Amino acid sequence: MTQHATPHAGHHRPMNGATLKTIREALGLSVPWFANFCSVQERTVRHWESGRNTVPILVATAIRKFEKAAAELSAQVIDQARAAVAKCGPSMTSFPVIRYASDEELNLYQPNMSGLPATFHSAAIARARWAMASEIEIVATMLNAGAYEVWCRRLGQPVSPGSHVQFPMAWKAMEETERAEIIEQLKIAAQAAADEEGRIHAQLLRMDRQGWLKTPEMAPVYQDTAKKLEKAAEKRKNAIRFYGMAGGQEAITVSQKILDESKP
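Quick note, the sequence shown lines up with residues 1 to 264 if you use this note's numbering.
FYI, nobody ran anything at the bench for these hints, they're computed from the structure. A quick note: this is a predicted structure, and the numbers were derived from the prediction, not measured. Each hint can be trusted.
With a straight-line Cα cutoff of 25 Å, these simulated SDA-like cross-link-like pairs (lysine to any residue) come out:
1) Lys227 to Asn238
2) Lys68 to Trp130
3) Lys21 to Cys38
4) Lys68 to Ala131
5) Lys237 to Leu205
6) Lys65 to Met132
7) Lys68 to Glu25
Distance windows between CB atoms, simulated:
8) Glu137 to Val40: 36 to 44 Å
9) Arg13 to Ala133: 25 to 33 Å
10) Ser39 to Arg153: 36 to 44 Å
11) Arg52 to Lys214: 44 to 52 Å
12) Gln157 to Lys68: 30 to 38 Å
Quick reminder that beta carbons are idealized off the backbone N, C-alpha and C, glycines included.
Just need the whole structure built from these sequences, with the hints factored in.
Below, the structure written as C-alpha cells:
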C-alpha cells in the first residue's frame with residue numbers, strides 16, 4: 001500500500017460492500033487503482049463490493065481515510081474561495097481552481113498527493129463546488145503547465161508546487177501583449193518538439209529499412225531509438241496541447257507538420 005491512508009490497528013469499524021463501492025466511486029478511485037493500492041486483484045475488489053466477500057477491516061479503514069482526505073481538500077478550496085470573495089467583494093462572481101490532466105501532472109505539482117489519481121483531486125473540487133453553489137461558482141481550470149513554466153521563467157522564479165495555484169488568476173490579469181509573448185514561446189516549443197520527433201522518426205525509418213531490428217548487434221539500438229520516439233511523441237503532444245490551451249490557433253498545423261514529415 002502507498003503512504004496515503006495506510007490502515008492502522010486502532011478504531012476499526014466494519015463496512016459493507018455497497019458502502020465501499022459508493023465511497024470509492026464518489027472519491028474518483030477506479031477499481032484498478034484501488035486494487036493496486038490494496039495489493040489485490042481487481043476481482044477481489046469487485047467481490048468485496050458485491051457482497052460476495054466481507055470487506056476487510058483494514059480496507060474499510062483505508063477508504064474512510066481517503067474520504068477524510070477528500071473532505072479536507074474540499075474544505076481548503078472552500079476556505080480559499082471565501083477568502084477571495086472577502087478580498088475582492090461582490091465583483092468576484094467565480095473562483096478558479098486548478099485541476100490536472102493526468103496523474104503524473106497532479107503528483108508533480110502536488111507532491112503531498114503523490115500516488116493518488118487526478119480523479120481523486122477532481123472529486124474533491126466537485127464536492128467544494130456543490131458546497132459553495134449558493135455563494136460563488138467554483139470553476140475548474142485545467143493547468144497549462146507549459147504556460148505556467150514560461151511565466152515562472154519570465155518572473156525569474158522557480159517552478160514550484162505552491163506558486164502554480166496562483167497562475168490562473170495571473171493569466172487572466174495579464175496584459176494582452178504579455179499573454180501573446182507567452183503563446184509565441186509555446187508555439188516555438190511545440191515546433192521544436194515536432195522537429196525532434198520528426199528527426200527521431202526519420203532515424204528509425206532508416207534503421208528499419210536497413211534491417212537493424214533483425215541484427216542481434218543492432219537490435220538494442222533500434223529498440224532504444226523506438227523508446228526515444230515514444231517519449232518525443234508524448235512531449236510533442238503535450239507541447240501542442242499547452243499551445244492550444246493558451247489560445248494558439250495554429251496547433252493543428254503544428255501537429256500536421258510532424259505527420260507530413262514522418263511519411264517515408
